[in-house]
Every structure is written in structure tokens, then in C-alpha cells.
Amino acid sequence: DAKTTQPNSMESNEEEPVHLPCNHSTISGTDYIHWYRQLPSQGPEYVIHGLTSNVNNRMASLAIAEDRKSSTLILHRATLRDAAVYYCILRDVTQGGSEKLVFGKGTKLTVNP
Amino acid sequence: KAGVTQTPRYLIKTRGQQVTLSCSPISGHRSVSWYQQTPGQGLQFLFEYFSETQRNKGNFPGRFSGRQFSNSRSEMNVSTLELGDSALYLCASNSVGGNQETQYFGPGTRLLVL
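Chain order of the listed sequences is A and B.
What the first sequence shows, in my numbering, is residues 6 to 118, in sequence order.
What the second sequence shows, in my numbering, is residues 3 to 116, in sequence order.
Some clues are possibly wrong.
[As the list claims (entries may be wrong)] Label-pair distances were calculated between CB atoms; the ranges are:
# : chain 1 : residue 1 : chain 2 : residue 2 : range
1 : B       : N79       : A       : Q47       : 20 to 28 Å
2 : B       : T7        : A       : N28       : 31 to 39 Å
3 : A       : L56       : B       : T40       : 41 to 49 Å
4 : B       : T104      : A       : S58       : 34 to 42 Å
5 : A       : K110      : B       : P63       : 31 to 39 Å
Please keep in mind that the hints were generated in silico from the structure rather than gathered at the bench.
Glycine is no exception: its CB is placed at the ideal position from the N, C-alpha and C atoms.
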């Protein structure tokens, strides 16, 4: 399974932008980059995903390096509700069409009021 | 649409017992995956079911098994429980799988083995 590397923790202030980095130097040409987050006492929830181009949605933006060996999840204005563990995941499509998510340790984001 | 539901939410068992956890996916979703989350190992993939067939399996011993019913509801069973099986068990569903689709997770079942 292709691996990702993320900082263990990051801290931000409310209303400020947050840039969460992820390194994935062994990414293959068909791996998509997905981000999930897990709020305290909840299951993970989808945030965003992309292949090569930068992506935006109502929750966040995903900036993907040109060589695809790294990416950055951008929260434009952090709120207290964004405090969570953020996981950067490379989608592994195994034979037969099955997919599984391979979670790393993630980055624990603390948002200060 | 109702989200993924898991029952029970909390469970206490003793070593050697067995346990069955249940997961109801989002209506219309045919793929159900199970994950184990522990402080030491993080989130680890257990197995995935699609149309009542196991399509993929993680690196867990045979004590961990699952099944899926015709209505897509899934159960996982752990036999001969060990202390190390204490964990949060998460279920996720998506409509067909294999297409980079979003996985929708339930709130999990927290299992404590004494």
C-alpha cells in the first residue's frame, strides 16, 4: 500500500487559514489523494479528493504538487468545529474493483478560540 | 437519507466470549467495509462486502469474520475475544465501491474486553 506522511499535530487560531501537508512520494499514476477527518467521538467523514488538479469544495481546498508527491489540505477559515484528526489517504483500488482506505496516523488539528 | 447506523454503540465482553456487531448502510449502498480503530494501531481495514460477497480482506486473524445480507446490512463477528480486541469498530458504506466513491462512516461500536 502506498504510504503517506503527515505531521502528528498542528495548531491554528479560529478564523485563520490552515494548511495541512501530506507527503506521498511513492504515489502511483492512478492513485487518488483523499482526505478524511475524524471529529472527537465520531467516525471519519470525507473532506475532499483529487487526482492531479487542485480541487475546491464547500469544506476545503486541495492543492496537489505538480509531481504529485505531496499535497496540502487548506481550510480557509478554521472554526472550533474543525478540530479533528485529518487523514491523507491514497485510494488503493484492488483487483475486482474493491477499495479499502489505508489510514495513517493523521494530523491532529487543534483550533484555538 | 439516514446515515450509516451501527448497533450496539457500546459493548462489554469478557475474554473468550464472542461478539456480533451490526451495521446498516445508507439506503441504496451495496458496499460495506469494516475497520478497527485502536490507540496503538490506528484505523485498520478488516474486510469489505459487496452484494453479499467478501471482496477484500485485511490482515486480521480468522477469529474476525463477517457477512452481508441481501438487504446490504452487514454483521461482523469476533470469536474467542482477547483483551487486544478492545477497540472502536467502524462500518462504512458506499454505493458500489471501486470508483473512488466517498465512504460514509457510522459512529462505531466501542467494544471493551475484560
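A quick look at each hint next to the structure:
1. Taking the beta carbon of each, B/N79 and A/Q47 are about 24 Å apart, inside 20 to 28 Å as hinted.
2. Here the CB-CB span from B/T7 to A/N28 is close to 36 Å, well matched to the stated 31 to 39 Å.
3. Roughly 31 Å separates the CB atoms of A/L56 and B/T40, a value that falls outside the hinted 41 to 49 Å.
4. With their beta carbons about 18 Å apart, B/T104 and A/S58 fall outside the hinted range of 34 to 42 Å.
5. A hinted range of 31 to 39 Å for the beta carbons of A/K110 and B/P63 is inconsistent with their spacing of about 23 Å.
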